[in-house]
Every structure is written in C-alpha cells, then in structure tokens.
Amino acid sequence: MNKLTLWLAILSAVLLNALSSTANANTIHSERSLYRNILVEENNGLRCLKFNVKSTKTQQSCMLVNQPQQLVFNYTKMLFSSLLLNPNPERILIIGLGGGSMSNALHEIFPSANITNVEIDPAVIKVARSYFDFIENQQVTSIVQDGRIFVKRATIKKQQYDWIILDAFNGDYIPEHLMTQEFLQETKQLLSTNGVLAANTFSVSDLYHYESATYKSVFGDFFNVKRKSSSNRIILASNQPLPEAKIITERAQFLSEKLLPYNVNIKEISRQITSTAIIQDWPSETRLLTDQYSPANLLNLK
Amino acid sequence: MTNKNNKMQQWQNPLIYLLAFSSGFCIMGIELLGGRILAPFFGSSVHIWGSIITVFMLSLSFGYLAGGKLSTKAASLNRYGLIFICAGIAILPVAFSSQWLMEAIFLAIEDTRYGSLLASMALFFIPTVILGMISPYSVRLLVTDKNKSGQVAGFLYFVSTLGSALGTIITSFYLVLLFEVNDIIMVFSATLFLLGVCAMLFNRLNQQKSIKDNKNSNHQGVIHE
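If you read the protein sequences in the order shown, they are chains A and B.
For what it's worth, this note's numbering labels the leading residue of the first sequence as 1, then goes sequentially.
For what it's worth, this note's numbering labels the leading residue of the second sequence as 303, then goes sequentially.
Fair warning: there could be bad hints in the mix.
To be verified - Computed cross-link-like contacts, EDC-like style, restricted to lysine to aspartate or glutamate with a CA-CA straight-line distance of at most 20 Å:
| # | chain 1 | residue 1 | chain 2 | residue 2 |
| --- | --- | --- | --- | --- |
| 1 | A | K188 | A | E90 |
| 2 | A | K157 | B | E405 |
| 3 | A | K157 | B | D413 |
| 4 | A | K158 | B | E405 |
| 5 | A | K228 | A | D206 |
| 6 | A | K258 | A | E268 |
| 7 | A | K188 | B | E405 |
By construction, these hints were calculated from the structure, which means they are not laboratory data.
Please work from the sequences and hints to get the whole structure.
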C-alpha cells in the first residue's frame, strides 16, 4: 500500500512537471529542414527560434511578441558597436538570417539603406517570415545561398558594403569555410572605404586564439566587444585604422538616443570594446586558419 | 635453394594485401578531403557531398571494370605496382591544380550543384578510376585455387574496406587537425607511389631469385641423370 502511494506520488509529480513545462514553452512550429531541426517556441510573450535541440544554448533569435522592435539578445545589441566605426551604413550585408530581427531593426533605423540577407537554409527564411515578422521589400532582400559563395560572387561583381554582419555560427556547428584567412580576404574586398565587418563568434574554446590570429593576419588590429558574463564576442574589423577612444565616446553619445527604442545601450556597449593593439589575448605564434587548415569544429571542442 | 625462393614468395600475398589496404585508406581519405577542397568555391551544402560521393562511386565502378579487364592479359605484380604508381601521380593535380580548375568552373557555372559535380569529376575521376582497378587486379594475383576464390576475394574486401574505414576516421579526426589538406594529399600520393615501386622491386628480386634457382635445380637435375 505504501509502495503504491509512493508510485502515485512519483507519477503525479512527473505528469505535473510535464504539464507545467509545456505550459511555459509552447512549441508553435517545428520542422526538419535540409540542415537542421527548426523549432519556434513561445514562452510568456517571448518567441524564440531554436535549432536542433530544446535547450537555451541553441536559441538563434528571440522576439517579444508585443514589442517586436526591441532586441532581446545581448550579442545582437553588441553588433551595433559597428556604428561607432561607421555611423551611416548605406549598404548592409547580413550573412546568417536567424529570425531576421537584426534586418528588421536596421531597416527601421536606416530606412534608405539597402540590406541584403544571405541565408543557406530556405526553411529559416520561411520561418522568419511567418513567425518573426521578417520584413522584405525594395530595400531589404534575402537570398538563399552559402555565405562563402555569395561573397565570392560579389567580389567578382565588385560589390561594396558599408557594413557586413557575419552571424553564421551557432553553438553546435561552425561552417569552417567561413572562418579562414581566404574567406576574410574575400570579405575585406567587399568592404567600402569606411566599411566594417562585424562577426559574432564565441570566446570560450581554443578556437578563440586561432580565430583572433586569423583576423589579425587579414585586417591588422581589430576591436573585440565582450561582456565578462557572456560567451559571445563580437569582432569589429575594418580597412581603416581603428578610431580613437575619444571619437568612440562622441559617436556613442550621438547614437544613444537613436538606439534606445531597440533596447540597445550603446554607451554601455562602447565601454566593452577593447583593441587588440592594446590587449592581444592570444599567443602570437598561433596557427592561422586557412582553406588548407580549418578544423574549426574540432578546435571548438577543446 | 627452392626453400629460399619460397621464403621470398610467401611474402607476395601479404604485400598485395598491404597495398590493397593502403589504396582503401587513400581512397576514403581523399574523398573526405574532397569536401574541404570544394567548400571555398561550392559551399558545404548537402549537394556537395552528393557530387563527391557520386563521382567516387562512378569512378570506382569504372575502375573495377577496367581493372578486371586488365587482369586478363599478362597479369603480374609488376603491372600491379604500375597501377599504384599511376594512381600516386594522378592524385597530384588534386593538390596542385585544384585552385585554377575550381575557379574556372566557378566562373563558368552559376549553379553550385553542377559546378561541384563538374569540379569533383575534374579532380577525382581519373585517380579514383585507377584506384578502383586495384581490387579486381588483386583478386587475380591472389587466387590460385578456384575453390578458395570466394574466400580470397572476401578477405581482400575485408582488408581494403578496413583500410577505407581507418582512412576515413584517421583523416577526419586527426590528420585535418595536424596538417594542411595538400600535405595530406601529397602523403597519400607518395605512399601509393612508393608502394608501387616496392611491388615492382619485389617482383624483380623474386624473378632473379627464381631464375637463379631454376638454373641451380636444372644443374642438379643434370647431375642426377
């Protein structure tokens, strides 16, 4: 009898748990695409796009359903640090769409800018349209293509961009051909005179050193944007010499009001910037990642 | 004297198995690196692997056909070694000519499916056909007894496919972490080349031995008579 009540208690606990978790996070869409599993979950007005597994680690993009304008993730906000190098981008290239929240925000802030989104997975674009209000019009376009191929073709067409956002890496898998010296050289060719490359990557594994050394070999010194608590880092690289601290503070002041509606505190972000000219936090003899040597995913395990 | 000749002779089959193992190892190592070689020009979508695997399967099938045909006329360890030397040489363009080849194809063909298919064809078809010839040719050299032909073929496939498995895992887990793609390709090429030379040298030594032994045994035969 005692045993039975114990079993009942366990069973009810398990059931309750299952019920409450489904109530907290509703899966409103799930599909298996050519590249991954795509999940859209909603929880207390926060709608998130997830790849592969139901964990917080693989959240790609989130949107507050009632305030779609506000940016949720810190790394997306940190990407705005690029504006401290080039405050008025007219031609923007985004590699890796996610939910399209960055594209939407940039379209609102710079209505006349041309924004090109490149995404390898057509299913991600569909989900962004259906669940994340991804806006496409004359200014904003999306292309289904591998980022490397888009960049290569664009260099042949001699296209130029004022801001290139590389956001193609998630926690599970890194497209290794988007991290090599050759790729960065191709990307560099696409940057206009004042153009900025902003790459969203990680800072926790051995890969950090290899990636840093590779960026430095192509662009010279660059900016790292990091928060102590987060595992993300943003690399800001450009053809121009890096601006001085005074100019950055001025620009942050100037931009701060413009970016506030998007929940971006650019003044705070400007204080998270460090130049590799001052702090080089990787061993100087680190091997470079090239098309010949790019075991990025294996290095990311270490 | 005939005893010594046997000693030399008994190493021939292990040598053939070693060569078959190595060719299996190299085929899959190269196939795996194919993805890495094509990625900068054609991306890393699933159809890249479609192109590579199609080309490897296609060229292996032609290789089996050609190797079988070749083995019907004057099959010898010498020719077997020559196949390896040719394979070693045919792999070299994968390391040295891939850049301009892929660039030309990239410019000519917009669709990455057909671009990657043509590029894999251009890079991998010839070396893989040659490597495919090795299996049937090995069977020809190894089989002496019709009753054991199935067993011999089975053991040969066991050895060469085991080589393929190891070539796949060692290349993808460890070699790419240590070396550049071209360096690995060159090591594969040199290995095949040297094994081919070994087979030819072995054959030559063996023949010299048996000629000597024949002479000796003839002499002995004369004395006995």
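Hint-by-hint comparison with the structure:
1. K188/A / E90/A: holds, 17 Å
2. K157/A / E405/B: Holds, at roughly 15 Å.
3. K157/A / D413/B: Holds - the C-alpha atoms of D413/B and K157/A are around 17 Å apart, at most 20 Å.
4. K158/A / E405/B: OK: K158/A and E405/B at ~16 Å, within 20 Å.
5. K228/A / D206/A: This hinted pair holds, its Cα atoms lying about 17 Å apart.
6. K258/A / E268/A: Measuring from Cα to Cα gives roughly 14 Å; hence the hint holds.
7. K188/A / E405/B: holds, 19 Å
Figure legend: structure checked against the earlier numbered hints; every hint is met.
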